[in-house]
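Asks: Residue numbers (the working numbering), protein chains in the order written: chain A, 1 to 276; chain B, 1001 to 1288; chain C, 2001 to 2433.
Hints listed in this document are in silico derivations from the structure and should not be mistaken for laboratory results. You may find that some hints are simply not true.
[Stated by the list, open to error] Here are the simulated DSS-like pairs of lysine-lysine, each with C-alpha atoms no more than 30 Å apart in a straight line:
no., chain 1, residue 1, chain 2, residue 2
1, B, Lys1038, C, Lys2049
2, B, Lys1038, C, Lys2360
3, C, Lys2172, C, Lys2220
4, A, Lys103, A, Lys164
5, B, Lys1140, C, Lys2075
6, B, Lys1140, C, Lys2211
7, B, Lys1198, A, Lys10
8, C, Lys2168, C, Lys2075
9, C, Lys2094, C, Lys2354
10, B, Lys1140, A, Lys133
11, A, Lys264, A, Lys10
12, C, Lys2360, A, Lys133
13, B, Lys1140, C, Lys2168
14, C, Lys2279, C, Lys2172
15, C, Lys2279, C, Lys2360
16, B, Lys1140, C, Lys2094
17, C, Lys2075, A, Lys133
18, B, Lys1038, C, Lys2075
19, A, Lys222, C, Lys2360
20, A, Lys222, A, Lys106
21, C, Lys2075, C, Lys2094
22, C, Lys2049, A, Lys222
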Amino acid sequence: MARAVTNQRKTINTILAWAVGLLIFFPILWTILTSFKTEAQAISDPPVFLFFDWTLENYAVVQERSNYMRFLWNSVLIAGGSTLLGVIIAVPAAWSMAFVPSKRTKDILLWMLSTKMLPAVGVLYPIYLIFIKFGILDSRIGLIIVLMLINLPIIIWMLYTYFKEIPGEILEAARMDGATLKEEILYVLTPMAIPGIASTILLNFILAWNEAFWTLNLTAAKAAPLTAFIASYSSPEGLFYAKLSAASTMAIAPILILGWFSQKQLVRGLTFGAVK
Amino acid sequence: MATQHSRSAARLMMAPAVILLLGWMLVPLSMTVLFSFKKYLPMRGGDLGWVGFDNYVRFVSSSAFWPSVQATLLIVGGVLLITVVLGVVLALLLDQPMWGQGIVRILVIAPFFVMPTVSALVWKNMFMDPVNGLLAHVWKFFGAAPVEWLSQASMQSIILIVSWQWLPFATLILLTAVQSLDSEQLEAAEMDGAPVFKRFWYIILPHLARAITVVVLIQTIFLLSIFAEIFVTTQGSFGTKTLTYLIFQRVLESQNVGLGSAGGVYAIILANIVAIFLMRIVGKNLDA
Amino acid sequence: MKSSIRVLMGACAVSAIASSAFADTITIATVNNGDMIRMQGLTEDFTAKTGHEVEWVTLEENVLRQRVTTDISTKGGAFDVMTIGMYETPIWGKNGWLVSLDDLPAEYNADDILPAMRGGLSYDGTMYAAPFYGESSMIMYRTDLMEKAGLEMPDAPTWEFVADAARKMTDKENEVYGICLRGKAGWGENMAFLTATSNAFGARWFDENWKPQFDSPQWKETLTFYLDLMNEAGPPGASTNGFNENLSLFQQGKCGMWIDATVAASFVTNPDDSTVADKVGFALAPDTGLGKRGNWLWAWALAIPAGTQNEAAAKEFIQWATSTDYIELVAENEGWANVPPGARISLYENENYKDIPFAKMTLESILSADPNNPTVDPVPYVGVQFAAIPEFAGIATEVGQEFSAALAGQQTAEEALAKAQALTSDAMEAAGY
């Protein structure tokens, strides 16, 4: 009896959750489907859902027009580089905040987060001038630095919350055993914090990948990532839904796949420590 | 526990992050403040000298200023409300036993991986277009006149697009919190005959308070500066001009860097007011 | 496709000897319009002829403008060639930001460029940008629907006729709208159309003392006329329709008439993209009998920012892309209907081009636009659908947003005009007029 109720409840849950899940996912699904239609089918009335002549033509057109692999490679390098650099700088800072807190720790943390509130467009000219001065306009390294600085507060904050979860006694024990500070961080702390660090990296990789203001405004041809790629497909002349969909699919596919594979990791790590 | 030695080591280890962020904040900020006191028109020869507080006065006295502050707060507030409420509901739903839980979760978090530009383009063209958009077809199917989303319901449309992007984030964070709920306590409450609503209000919600705080804090930081969603869809028309967008118009469209910089300073002030406000209400949640 | 390979091979053979020893890589910023994308596809011909490589930065119009403006005003040097328009060229030329193009070699035949285009792309007699294609605006209409409405479109109609025809052609049941006009806010979108149209109604942006004129009865007449017409005979969601949206509507057969850029003619008559390709007629933009027509003048042009490292190669590129040879290259590959129009006189004298249905009307429209004398009453500015001052783009976009909101029914014409007047006065004061 009890079991039947559970099963019934489980069925209702399943139907409900799947309905909501599909509804939320639908815009992405529709984009992917449209990318395989012809331009005429893309705007047909009534809309066609699955039964159309699937074509790869749009992808061919997009690839012919822009060198997708180069944009993709730039995206990978810039998002990856800025995230790694950010984590390297953030780990020691987060360590000291979590394990040697002072009265000002929380203020410093909040101040760091507040630097993220600087409206990017307001400082475009200053940053652009600085980039020219250092000759790093349209360079990957320039973007890596900027994106690292933008995401650094979030990285530090996330790591801080993870580190705080780790009982201080373990570190103290290591210290008693004669571990140096370096050893303590590298061999004791880091392994324990791996899930947290991994999800920090994932989240910030996604944020860096999707950043569209600086990546667009500080690049030309050499360092332009996928955000610039998509800027050449918004509203061209004539019918463009299918081509736009193909370009969109290409722009989001890599990160979507990465996200799906690391979904478990992301969920596990995203506890923000203190949330529990 | 903290020795003198470890204290200085800690300072040393924080130094790179602090110095970098200080530089990142101070250099552009001081340049912005500097420009804001100047008549700086790149198209008319650049720096045309000091003008005192003229830019500040002009920026606030423009008829677009207060509406833009309002629009900013409306978008931030609207998106926060939607994502938190729906996020809690979704998190509770996804925590229930069901078939294919993993796949459903993937479907729900997918929008988070989509670039803002792409999601704005897709929503604008393929869903909200009043002639060819999918929503127009749905409306017509039910015999209703298609809604001109981006002009007649511009604010709602933008809030919808942004909420769609951020709902996965809220759901994820809240889900991890729901998972850590003490099920024994809930079961005990159920045994005692506490109704669903009471269980939610007195046990679940307090437990989620800190997760909600995190969601509100992080999202506010990102939502205050949303740009791509507006740039792609309405370009600031129909009452969707946020403070960020107004600054964009002053700096890039009107090529008045001095005026735009003054706007930037206002935006920073607004952000800090919001931040202090936030800390007041939610800060305690983070302390414990 | 085959012929393009033949051309390339031929070009290779010639250029193997001719190409210079210095092969550079130039970075070109351009807009994602059909003609530019076609140019991008033909880059190999340029590389074969000169040895220079090209890196393309293709962006949507608004993003492009934001990018190149930031770069040139900070002397960033990210681009060697920029695609700009008739609005930017004189302003940037005046600032000394662009390389003069007066010294192009004789075989380029700069005198072949339409004087209207050359004039609009010059400052103080020096040409700073070479037109890739030029355009005016005209009426494109559905001949079948016009006939069905029992009307005949004259070559030079009045606004009264156009409005009447639009109302008669409208059949909202079947999603046919009598007239599609720009409503999307932006100085290059609805304001290009409305400013040009206001000229026909006797309105102007500024009087001789740079005083904004939105409080004039002429502007009120222009805006009310436009709003009434669009509400009765326009498509739904018109307040977010720009050039591209209207093009797509027209191609789907949902517009009876469309007044827009002459370059659209080749898209609406192209059977690959357009469902109404064989039913399109053309006429001059309408007037109201005051002596000015509401047709604009615009060119997308290529310019070289001063201080670039690759000036010589950039010049070679501009020569290639805006030459008569390039027009022939496109004609050979894609047909004469798809060559970039409106830039060179010789194109309109070419026998092959005379058969193109829209050629004559395009040329007539271009020739009838007068940027130096755009309005009924005298004005201190140059430009038909814009005023060539640095502040215009910003002001007009904001004004455009007010007009767009009026079209969406969120405010009345009077309110929109009052706000436009106030914000224009304020911005002009800020700029020091």
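Asks: Each hint should be assessed against the structure and marked as holding or not.
Replies: Results for each hint:
Straight-line distance between C-alpha atoms of Lys1038(B) and Lys2049(C) comes to about 49 Å, which puts the hinted pair past the 30 Å bound. Our distance criterion of 30 Å between C-alpha atoms is broken by Lys1038(B) and Lys2360(C), whose separation comes to about 51 Å. Distance hint between Lys2172(C) and Lys2220(C) is fulfilled; the C-alpha atoms sit about 28 Å from each other, no more than 30 Å. Restraint check for Lys103(A) and Lys164(A): satisfied, since their Cα atoms lie roughly 16 Å apart, inside the 30 Å limit.
For a cut-off of 30 Å, the pair hint linking Lys1140(B) to Lys2075(C) is broken: about 52 Å separates their Cα positions. At most 30 Å may separate the alpha-carbon atoms for a hinted pair to count; Lys1140(B) and Lys2211(C) exceed this at roughly 48 Å. A C-alpha spacing of about 23 Å is found between Lys1198(B) and Lys10(A), which places the hinted pair at or below 30 Å, so the restraint holds. In summary, the hint linking Lys2168(C) to Lys2075(C) is not supported, as the alpha carbons are separated by about 54 Å, beyond the 30 Å threshold.
Between Lys2094(C) and Lys2354(C), the direct Cα distance comes to roughly 38 Å. Violation of the 30 Å bound is thereby established for this hinted pair. Annotation: proposed proximity of Lys1140(B) to Lys133(A) is violated, straight-line Cα distance about 56 Å (limit 30 Å). Taken as a hint, the Lys264(A) and Lys10(A) pair is honoured in the structure, with Cα atoms around 22 Å apart against an allowance of 30 Å. Between Lys2360(C) and Lys133(A) the alpha-carbon distance is near 51 Å, which puts this suggested pair outside the 30 Å criterion.
The hinted pair formed by Lys1140(B) and Lys2168(C) meets the criterion: a straight-line CA distance of about 24 Å does not exceed 30 Å. For the proposed pair Lys2279(C) and Lys2172(C), the alpha carbon gap of about 20 Å is at most 30 Å, so the pair holds. Our distance criterion of 30 Å between C-alpha atoms is met by Lys2279(C) and Lys2360(C), whose separation comes to about 17 Å. Among the hinted pairs, Lys1140(B) with Lys2094(C) is inconsistent with the structure: their alpha-carbon atoms are about 54 Å apart, more than 30 Å.
Using a Cα cut-off of 30 Å, the hinted pair Lys2075(C) and Lys133(A) holds, with the two alpha carbons roughly 11 Å apart. In summary, the hint linking Lys1038(B) to Lys2075(C) is supported, as the alpha carbons are separated by about 20 Å, within the 30 Å threshold. For the given pair, Lys222(A) sits about 43 Å from Lys2360(C) by alpha-carbon distance, which is inconsistent with the 30 Å threshold. Between Lys222(A) and Lys106(A) the CA atoms are separated by roughly 41 Å; this puts the pair beyond 30 Å, and the hint is violated.
Proposed proximity of Lys2075(C) and Lys2094(C) is supported: the alpha carbons are some 15 Å apart, at most 30 Å. A distance of roughly 24 Å separates the Cα atoms of Lys2049(C) and Lys222(A); the hinted pair therefore holds under the 30 Å criterion.
Comparing the model with each earlier hint shows violations of hints 1, 2, 5, 6, 8, 9, 10, 12, 16, 19 and 20; every other hint is respected.
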